[in-house]
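K.L.:
What follows is each chain in one-letter form.
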Amino acid sequence: EAQVTQNPRYLITVTGKKLTVTCSQNMNHEYMSWYRQDPGLGLRQIYYSMNVEVTDKGDVPEGYKVSRKEKRNFPLILESPSPNQTSLYFCASSLSLVSTDTQYFGPGTRLTVL
Amino acid sequence: AQKITQTQPGMFVQEKEAVTLDCTYDTSDQSYGLFWYKQPSSGEMIFLIYQGSYDEQNATEGRYSLNFQKARKSANLVISASQLGDSAMYFCAMREGIRYSTLTFGKGTMLLVSP
Chain A
1 EAQVTQNPRY LITVTGKKLT VTCSQNMNHE YMSWYRQDPG LGLRQIYYSM
51 NVEVTDKGDV PEGYKVSRKE KRNFPLILES PSPNQTSLYF CASSLSLVST
101 DTQYFGPGTR LTVL
Chain B
1 AQKITQTQPG MFVQEKEAVT LDCTYDTSDQ SYGLFWYKQP SSGEMIFLIY
51 QGSYDEQNAT EGRYSLNFQK ARKSANLVIS ASQLGDSAMY FCAMREGIRY
101 STLTFGKGTM LLVSP
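Protein chains in written order, with the working numbering: chain A, 1 to 114; chain B, 1 to 115.
Keep in mind that the hints were calculated from the coordinates and are not lab data.
C-beta: ideal position from N, C-alpha, C; glycine also.
Mixed in with the good hints there might be a few duds.
[Unchecked claim] To give an idea of the chain A side of the interface with chain B (calculated C-beta under 7 Å), a few residues:
hint, residue
1, Pro-39
2, Leu-43
3, Gln-45
4, Phe-90
5, Ser-99
6, Thr-100
7, Thr-102
[Said to hold, decoys possible] 35 Å max Cα-Cα, derived DSBU-like pairs, lysine-lysine:
hint, chain 1, residue 1, chain 2, residue 2
8, A, Lys-17, B, Lys-107
9, B, Lys-107, A, Lys-69
10, A, Lys-57, B, Lys-107
11, B, Lys-73, B, Lys-3
12, B, Lys-107, A, Lys-18
13, B, Lys-70, A, Lys-57
Using the sequences provided together with the hints, build the complete structure.
P.N.:
This is the structure in structure tokens:
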């Protein structure tokens with residue numbers, strides 16, 4: 001089944017404890033992206049990747065890191081999480097960069113930073 | 001200016017009735033894609049339907065159709081024969097440009113379907 005998977009689905013952590021949210025897609029998509037969703041602010045892009053080893057900042061990259069060493073994986077790293085990073089995080093992928101390509105989303109990761 | 005505007009924070013509809021969720025967009029690009037996503041209370045983001053700027057026909061996917069009016073820059077989602085499981089948040093989104101483009105979302109419309 002074609003899908004985007006994320007792990008963990010739920011995470012409660014404490015300020016400053018490094019964490020990684022994994023994202024994997026099995027559709028051989030070139031483009032992958034991370035979003036966060038917050039009440040009243042909607043979905044905002046954190047980082048995106050156009051292909052292996054090619055990443056760039058989205059609208060809200062501060063406090064996050066990403067890497068794209070393999071085409072299928074695009075982990076999101078929070079080196080020193082803070083409470084303002086409590087949010088619902090989505091990974092998404094699409095076949096390529098063009099505007100006609102649909103982005104498919106993972107199931108989301110609910111992160112709480114205490 | 002907002003690129004995607006969804007003016008209806010919430011909509012109510014009775015089961016089996018049709019409902020239209022509004023979306024207007026703002027772009028100066030000739031090439032763009034318009035998308036609708038559904039987000040149920042469980043949180044996942046489910047792709048529903050897509051309309052390309054060069055598509056002459058309105059997109060349809062089962063009970064979902066997209067009323068695309070290019071001159072008015074609107075891309076309304078029509079759900080026919082609503083079901084209780086349609087209760088969810090609905091987001092309109094746009095990707096614009098010929099090459100790279102990010103996905104810009106509207107604020108969403110909460111749809112509640114009553115028996």
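K.L.:
For every hint, state whether the structure bears it out.
P.N.:
Status of the hints after comparison with the structure:
| no. | hint | result |
| --- | --- | --- |
| 1 | Pro-39 | violated, 10 Å |
| 2 | Leu-43 | holds, 5 Å |
| 3 | Gln-45 | holds, 6 Å |
| 4 | Phe-90 | holds, 6 Å |
| 5 | Ser-99 | holds, 4 Å |
| 6 | Thr-100 | holds, 5 Å |
| 7 | Thr-102 | holds, 5 Å |
| 8 | A:Lys-17 / B:Lys-107 | holds, 32 Å |
| 9 | B:Lys-107 / A:Lys-69 | holds, 33 Å |
| 10 | A:Lys-57 / B:Lys-107 | holds, 22 Å |
| 11 | B:Lys-73 / B:Lys-3 | holds, 11 Å |
| 12 | B:Lys-107 / A:Lys-18 | holds, 31 Å |
| 13 | B:Lys-70 / A:Lys-57 | holds, 31 Å |
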